[in-house]
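Student: Construct all of the structure, not just a fragment, from the sequences and the given hints.
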Amino acid sequence: MDTTASTPAAGLTDVSAAVPQHRLPDGRMPDEWCLREFDHVAPELAPVLPETLSRMRSLCPVAHSELHGGYWVVTKYEDVLRVAQDWETFTSTDGLNIPPSRGHVRNIPVEVDPPEQRVYKRLVNQHLTPRAIAHWEAPVRALVTRLLDDMIERGSCEFMDDFARPFPSIAFFDLALHAPREDLEKVSLLASAASVPNHPQARECWAGLSAWITDLVATRRAGEPKGDVVDAILAAEYEGRPLTEGETTGIIQLLILGGLETTAGALGLMMLRFAAQPEIPAQLRADPALIPTAVEELLRLDSPFIAVARTATRDVELGGRQIAKGDKVLMYWASANHDTAEFPGGEQFDATRSPNRHVAFGAGPHRCLGSAVARLNLRVALEELTRRLDDVRLADGASVHFHNTLTRAPHSLPLTFRPGARLGTTE
Numbered sequence: 067m068d069t070t071a072s073t074p075a076a077g078l079t080d081v082s083a084a085v086p087q088h089r090l091p092d093g094r095m096p097d098e099w100c101l102r103e104f105d106h107v108a109p110e111l112a113p114v115l116p117e118t119l120s121r122m123r124s125l126c127p128v129a130h131s132e133l134h135g136g137y138w139v140v141t142k143y144e145d146v147l148r149v150a151q152d153w154e155t156f157t158s159t160d161g162l163n164i165p166p167s168r169g170h171v172r173n174i175p176v177e178v179d180p181p182e183q184r185v186y187k188r189l190v191n192q193h194l195t196p197r198a199i200a201h202w203e204a205p206v207r208a209l210v211t212r213l214l215d216d217m218i219e220r221g222s223c224e225f226m227d228d229f230a231r232p233f234p235s236i237a238f239f240d241l242a243l244h245a246p247r248e249d250l251e252k253v254s255l256l257a258s259a260a261s262v263p264n265h266p267q268a269r270e271c272w273a274g275l276s277a278w279i280t281d282l283v284a285t286r287r288a289g290e291p292k293g294d295v296v297d298a299i300l301a302a303e304y305e306g307r308p309l310t311e312g313e314t315t316g317i318i319q320l321l322i323l324g325g326l327e328t329t330a331g332a333l334g335l336m337m338l339r340f341a342a343q344p345e346i347p348a349q350l351r352a353d354p355a356l357i358p359t360a361v362e363e364l365l366r367l368d369s370p371f372i373a374v375a376r377t378a379t380r381d382v383e384l385g386g387r388q389i390a391k392g393d394k395v396l397m398y399w400a401s402a403n404h405d406t407a408e409f410p411g412g413e414q415f416d417a418t419r420s421p422n423r424h425v426a427f428g429a430g431p432h433r434c435l436g437s438a439v440a441r442l443n444l445r446v447a448l449e450e451l452t453r454r455l456d457d458v459r460l461a462d463g464a465s466v467h468f469h470n471t472l473t474r475a476p477h478s479l480p481l482t483f484r485p486g487a488r489l490g491t492t493e
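Heads up: the sequence shown is residues 67 to 493, going by our numbering.
Be aware that one or more of the hints could be misleading.
Label pairs and their computed distance ranges (CB to CB) [as the list claims (entries may be wrong)]: (1) P485 <-> E154: 53 to 59 Å; (2) A348 <-> G392: 26 to 32 Å; (3) E154 <-> D294: 29 to 35 Å.
FYI, nobody ran anything at the bench for these hints, they're computed from the structure. Positions of the beta carbon are idealized from the N, C-alpha and C atoms, including for glycine.
Tutor: Set out below in structure tokens:
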């Protein structure tokens, strides 16, 4: 889903162990903090992110923070869409993080602007369209069934570890990359850990995943073509030359990591909402035909891809503020998706909302190239989760903490539910 691979970056903080330093007694962030000291990686922001973004849309839709060298925070739908679509004024080539990540493999094509970006994007687009991946549905459903079978008799689970993180990882390595079956579990664990901000083994797993990608490229170059996205990347040329090893690795790395933690985060946020609002899964259980539109609405309400940075290439006015050439701009998808100017009743779930022009997958030329994969995975998962899990609740005494950088997901999500029977699969 996300077009931003979660490389380890300076400035990320483990919110699960943090003590709030700025919040007011009622839990809100002070107006001064919102207007001048906004810090998207602050641990105390994670629990109150939706409320804080709502306050910022009201106070100052384009605010300037003095932290991390100074940057602008864009929160209204109209302004976010303008930044996302105007790549000539707001470039991605200077990195997607604030502060910038250093020393990582360039994320292609999301840190490349048109026209070069279009060349790279075309390499993979044809392999990730709804039509191209339609045949994935049966094996995806079999994987969902297997993961649910492993926990359903217990009547409890740690949802992120037992389902949300292994599901998109195993599915992508198997169906998109045709990884050897004996590698699936190992490389899935490496990729899941590498994509989680602040994971204690992130650096080690990142190195292991990079080595695996290098081996995959060597093996696939030496073997027979499979007609998949890996073959397309290996055979590609740019301006009459083959892709460099760095370009090849960067594209495959982005394919692997781009949708893992965001899809896992989407599933975790959906189940957290189901536990808090049981009428939603009850509605979907009673009318499964609503699930495709419900997926869109749940992504709008609880966006896992919450923000991304751009850099101004010229002096420009935005939302009544003067942005200078070279200024960093952080646009909040998660805030735009709650803007009532675009989404009347935007804080409420509406399974039939139409139109629903949410930006959970981004917008503009860098819109998520894996959105069809994410939609397929989420639809199938919700069909099976709502059908098989009933009376879903947050485990007694559980406290949910979020990582909160450019993506958002529960660190862990202990759930209980009515025990059920295994179904078995023909996988």
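Student: Can you give the numbers of the hints that this structure goes against, from lowest to highest?
Tutor: 2
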